[in-house]
Amino acid sequence: AQSVAQPEDQVNVAEGNPLTVKCTYSVSGNPYLFWYVQYPNRGLQFLLKYITGDNLVKGSYGFEAEFNKSQTSFHLKKPSALVSDSALYFCAVRASYNQGGKLIFGQGTELSVKP
Amino acid sequence: DTEVTQTPKHLVMGMTNKKSLKCEQHMGHRAMYWYKQKAKKPPELMFVYSYEKLSINESVPSRFSPECPNSSLLNLHLHALQPEDSALYLCASSHVGETQYFGPGTRLLVL
Chain A
1 AQSVAQPEDQ VNVAEGNPLT VKCTYSVSGN PYLFWYVQYP NRGLQFLLKY ITGDNLVKGS
61 YGFEAEFNKS QTSFHLKKPS ALVSDSALYF CAVRASYNQG GKLIFGQGTE LSVKP
Chain B
1 DTEVTQTPKH LVMGMTNKKS LKCEQHMGHR AMYWYKQKAK KPPELMFVYS YEKLSINESV
61 PSRFSPECPN SSLLNLHLHA LQPEDSALYL CASSHVGETQ YFGPGTRLLV L
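These protein sequence lines are chains A and B, in that order.
For the first sequence, our numbering begins at 1 and goes up steadily by one.
For the second sequence, our numbering begins at 1 and goes up steadily by one.
Chain B extracted, bound-state conformation (with noise of 0.2 Å):
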C-alpha cells in the first residue's frame, strides 16, 4: 500500500480565516513533507519531517504552521493567507532518505 491521503480536497478560504490541512499514511514512513505547486511548475518544498521532529523550514511565512501529532499524521494550519498562497499542496511520505510518495492533494483558493 503505497497510499497518502489527505483532506479535504478542495478549499476556499477568506484572508481572515484560520483553516488546517491533513495528511495521513500507514506505511511506517517517518519522514513527511509538504509541497507548494503552481499550476504546470514543479513542486516547491515547504517543510520536512523526520521521526515527527521539524527537519527543515525552507524559510516559509509564518502564516504556514506545520505540526506533526504522530508519525502517521502531518497537518498544515493556514492563517491570514494572501490570494498568491492560492496553489495545490501536496503531502509526501518516505522512509527517511528514501522514495517520496505523494497524496493527492488540496487545491487551496485564498479570496
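The shape of chain A in the complex, shown without the other chains (with noise of 0.2 Å):
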C-alpha cells in the first residue's frame, strides 16, 4: 500500500534559522511528490512537486525540498525561516493510476517560527 509518514506533529524553529520538515514515503513504481502549506482558516496552497530530474526541487516563498530516492524521503527546507511561515504542512503522494491517482497525504506537520 502507499502511504507517506510526517514523523513530527510540530516543528518549532527562531526566526532566521534554517527549517526542515521531514516526510518519508512508500510507493511502488516512481513518485509524484508534492508539499502544500495550509494557513489557518485557508485551503491547501501548492509548494512544490518531485516528478522526475534533479533531487532538488525549488518551490514558492524560497521553499525547497530534497528527493531521496535510497532514503525514501522528501524533506522540505527553508534556509532562513520567517514568523509569517508558522502554518500546516502536508506532504503528499500521488497513488498509482489503478487508484484513481488520488492524493495520499501525510498526517501534517505545524511549524512555529518564533522571532
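It is worth saying that the hints were derived from the structure and are not from the lab.
One thing to keep in mind: the hints can contain errors.
Unchecked claim - Once the Cα atoms are required to be at most 20 Å apart in a straight line, the calculated EDC-like pairs of lysine to aspartate or glutamate come out as:
| id | chain 1 | residue 1 | chain 2 | residue 2 |
| --- | --- | --- | --- | --- |
| 1 | A | Lys22 | A | Asp9 |
| 2 | A | Lys102 | B | Glu67 |
| 3 | A | Lys58 | A | Asp9 |
| 4 | B | Lys38 | B | Glu84 |
| 5 | A | Lys49 | B | Glu3 |
| 6 | B | Lys38 | A | Glu110 |
| 7 | B | Lys38 | B | Asp85 |
| 8 | A | Lys114 | A | Asp9 |
| 9 | B | Lys9 | B | Glu84 |
| 10 | B | Lys38 | A | Glu66 |
| 11 | B | Lys41 | A | Glu8 |
| 12 | A | Lys102 | B | Glu98 |
| 13 | B | Lys53 | B | Glu24 |
| 14 | A | Lys102 | B | Glu58 |
| 15 | B | Lys53 | B | Glu67 |
| 16 | A | Lys77 | A | Asp9 |
| 17 | B | Lys40 | A | Glu8 |
| 18 | B | Lys38 | A | Glu8 |
| 19 | A | Lys102 | B | Glu44 |
| 20 | B | Lys41 | B | Glu84 |
| 21 | B | Lys41 | A | Glu110 |
| 22 | B | Lys40 | A | Asp9 |
| 23 | B | Lys22 | B | Glu44 |
| 24 | B | Lys40 | A | Glu66 |
| 25 | B | Lys41 | A | Asp9 |
| 26 | A | Lys58 | B | Glu98 |
| 27 | A | Lys49 | B | Asp85 |
| 28 | A | Lys77 | A | Glu64 |
Claimed, not checked - Quick partial rundown of chain B residues pointing at chain A, CB under 10 Å, derived from the structure:
| id | residue |
| --- | --- |
| 29 | Lys40 |
| 30 | Pro42 |
| 31 | Cys91 |
| 32 | Phe102 |
| 33 | Gly105 |
| 34 | Leu109 |
Unchecked claim - Not the full set, but computed from the structure, chain A residues with beta-carbon under 10 Å of chain B:
| id | residue |
| --- | --- |
| 35 | Val4 |
| 36 | Tyr32 |
| 37 | Gln38 |
| 38 | Gly43 |
| 39 | Gln45 |
| 40 | Phe46 |
Built from N, CA and C at the ideal position, the CB exists for glycine as well.
Given two chains presented individually in distinct reference frames, assemble the corresponding complex, making use of the accompanying hints.
Shown next as C-alpha cells:
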C-alpha cells in the first residue's frame, strides 16, 4: 500500500534559522511527491512537487525539497525561516493510476516560527 | 491564474435543511475534487470528477450528492446532514493526473 509519513506533529524554529519538515513515503514505482501549506482558516496552497529530474526541487516562498530515493524521503527545507511561515504543512504522494491517481496525504506538521 | 473559488465561505445548517456548496475554476482543468477536512487533519477525498463524469466516490454517505454541470463548475448538494459532518469542505481542480489546486474552502457547521 502507498503511504506518506510525517514523523513530527510540530516543529519549532527561531526566525532566521534554517527549517526542515520531514516526509517519508512508501510507493510502488516512481513517486510523484508534493508539498502543500495551509494557513489558518484557508485552503491548501501548492508549494512544490517532484516528478523526475533534479533531486533538489525549488518551490514557492523560498522553499525547496530534497528527494532521496535510497532513504525514501522528501524533506521540505528553507534556509532562513520567517514568522509568516508558521502554518500546517502536508506532504503528499500521488497514488498509482489504478487507484485513480488520487493524493495520499501525510498527517501534517505544524510549523511554528518564533521571533 | 491558479484560482479556485468556493461559495459560500461559511454555512450553518440544521439537520433537516438542504443546501449546496459551489466551486468554480477557469484554468481549463478537467478534473475536479471534493475533500472534507477536520481541524488540523489532512484532507479526506470524497469525490473526483474527470471530464465531467464521476470517477471516484470514496464511499461517501448519500446525504452528500455531487454534481458537475460543466467543466468549470462543481457542486456539492447537502441534505439531512449530521453534526459530525461539520468540517471544512475543500474543492480542488487539476489537469487530469497533474498538480491539484485548492480553493479556500467552505466552513460548514451542522446544528
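Right, here's what the structure says about each hint:
Distance restraint check for lysine 22 of chain A and aspartate 9 of chain A: the Cα-Cα separation of roughly 10 Å lies within the 20 Å cut-off, and the hinted pair is therefore satisfied. With a C-alpha separation of about 19 Å, the suggested pair lysine 102 of chain A and glutamate 67 of chain B falls inside the 20 Å cut-off, and the hint holds. Simply put, lysine 58 of chain A and aspartate 9 of chain A have alpha-carbon atoms about 24 Å apart, too far for the 20 Å limit, and the pair is violated. Under the criterion of a C-alpha separation no larger than 20 Å, the hint pairing lysine 38 of chain B with glutamate 84 of chain B is consistent with the structure, at around 10 Å.
At most 20 Å may separate the alpha-carbon atoms for a hinted pair to count; lysine 49 of chain A and glutamate 3 of chain B meet this at roughly 18 Å. Distance restraint check for lysine 38 of chain B and glutamate 110 of chain A: the Cα-Cα separation of roughly 15 Å lies within the 20 Å cut-off, and the hinted pair is therefore satisfied. Proximity of lysine 38 of chain B to aspartate 85 of chain B is assessed by CA-CA distance (about 9 Å); at most 20 Å being required, the pair is judged to hold. In summary, the hint linking lysine 114 of chain A to aspartate 9 of chain A is supported, as the alpha carbons are separated by about 17 Å, within the 20 Å threshold.
The hinted pair formed by lysine 9 of chain B and glutamate 84 of chain B meets the criterion: a straight-line CA distance of about 19 Å does not exceed 20 Å. With a C-alpha separation of about 29 Å, the suggested pairing of lysine 38 of chain B with glutamate 66 of chain A is violated against the 20 Å cut-off. Taking the CA atoms of lysine 41 of chain B and glutamate 8 of chain A, the gap is about 13 Å. The hint holds against a cut of 20 Å. Between the alpha carbons of lysine 102 of chain A and glutamate 98 of chain B the distance comes to roughly 10 Å, so the proposed pair stays at or under 20 Å and holds.
Using a Cα cut-off of 20 Å, the hinted pair lysine 53 of chain B and glutamate 24 of chain B holds, with the two alpha carbons roughly 16 Å apart. Between the alpha carbons of lysine 102 of chain A and glutamate 58 of chain B the distance comes to roughly 11 Å, so the proposed pair stays at or under 20 Å and holds. A distance of roughly 9 Å separates the Cα atoms of lysine 53 of chain B and glutamate 67 of chain B; the hinted pair therefore holds under the 20 Å criterion. Restraint check: the Cα-Cα separation between lysine 77 of chain A and aspartate 9 of chain A comes to about 16 Å, which is no more than 20 Å; the hinted pair holds.
Of the supplied pair hints, the one linking lysine 40 of chain B and glutamate 8 of chain A holds, its CA atoms being roughly 13 Å apart against a limit of 20 Å. Distance restraint check for lysine 38 of chain B and glutamate 8 of chain A: the Cα-Cα separation of roughly 19 Å lies within the 20 Å cut-off, and the hinted pair is therefore satisfied. With a C-alpha separation of about 11 Å, the suggested pairing of lysine 102 of chain A with glutamate 44 of chain B holds against the 20 Å cut-off. Taken as a hint, the lysine 41 of chain B and glutamate 84 of chain B pair is honoured in the structure, with Cα atoms around 15 Å apart against an allowance of 20 Å.
With a CA separation close to 11 Å, the supplied pair lysine 41 of chain B and glutamate 110 of chain A stays within the 20 Å bound. For the proposed pair lysine 40 of chain B and aspartate 9 of chain A, the alpha carbon gap of about 10 Å is at most 20 Å, so the pair holds. At roughly 18 Å between alpha-carbon atoms, lysine 22 of chain B and glutamate 44 of chain B fall within 20 Å of each other, so this suggested pair holds. With a C-alpha separation of about 25 Å, the suggested pair lysine 40 of chain B and glutamate 66 of chain A falls outside the 20 Å cut-off, and the hint is violated.
For the hint linking lysine 41 of chain B to aspartate 9 of chain A, the alpha-carbon distance of about 11 Å falls within 20 Å, and the restraint holds. Taking the CA atoms of lysine 58 of chain A and glutamate 98 of chain B, the gap is near 18 Å; set against the 20 Å cutoff, the hint holds. Restraint check: the Cα-Cα separation between lysine 49 of chain A and aspartate 85 of chain B comes to about 31 Å, which exceeds 20 Å; the hinted pair is violated. Note on lysine 77 of chain A and glutamate 64 of chain A: the hinted pairing holds, with a Cα-Cα distance of about 5 Å set against a maximum of 20 Å.
Here the hint on lysine 40 of chain B is kept, as its CB sits about 7 Å from the closest CB of chain A, short of 10 Å. With a least beta-carbon distance of about 4 Å to chain A, the hint placing proline 42 of chain B at the interface is held under the 10 Å criterion. Here the hint on cysteine 91 of chain B is kept, as its CB sits about 8 Å from the closest CB of chain A, short of 10 Å. Because the closest C-beta pair between phenylalanine 102 of chain B and chain A is about 4 Å apart, less than 10 Å, the hint holds.
Taking 10 Å as the C-beta contact cut-off toward chain A, the hint placing glycine 105 of chain B at the interface holds, the least distance being around 5 Å. Given the 10 Å rule on beta carbons, the hint for leucine 109 of chain B is violated: about 13 Å separates it from the nearest Cβ of chain A. Interface hint at valine 4 of chain A: satisfied, since its Cβ lies 9 Å from the closest Cβ of chain B, which is below the 10 Å cut-off. Satisfaction of the interface hint for tyrosine 32 of chain A is found here, the shortest Cβ-Cβ separation to chain B being roughly 9 Å, below the 10 Å cut-off.
The beta carbon of glutamine 38 of chain A comes within 9 Å of a beta carbon in chain B, closer than 10 Å, and the hint placing it at the interface holds. Satisfaction of the interface hint for glycine 43 of chain A is found here, the shortest Cβ-Cβ separation to chain B being roughly 4 Å, below the 10 Å cut-off. Annotation: glutamine 45 of chain A was flagged as interfacial toward chain B, and the flag holds, the nearest CB pair being 7 Å apart, inside 10 Å. Interface restraint check for phenylalanine 46 of chain A: the shortest CB-CB distance to chain B comes to about 6 Å, inside 10 Å, so the restraint holds.
Violation of the numbered hints given earlier is confined to hints 3, 10, 24, 27, 34; the remaining hints are satisfied by the structure.
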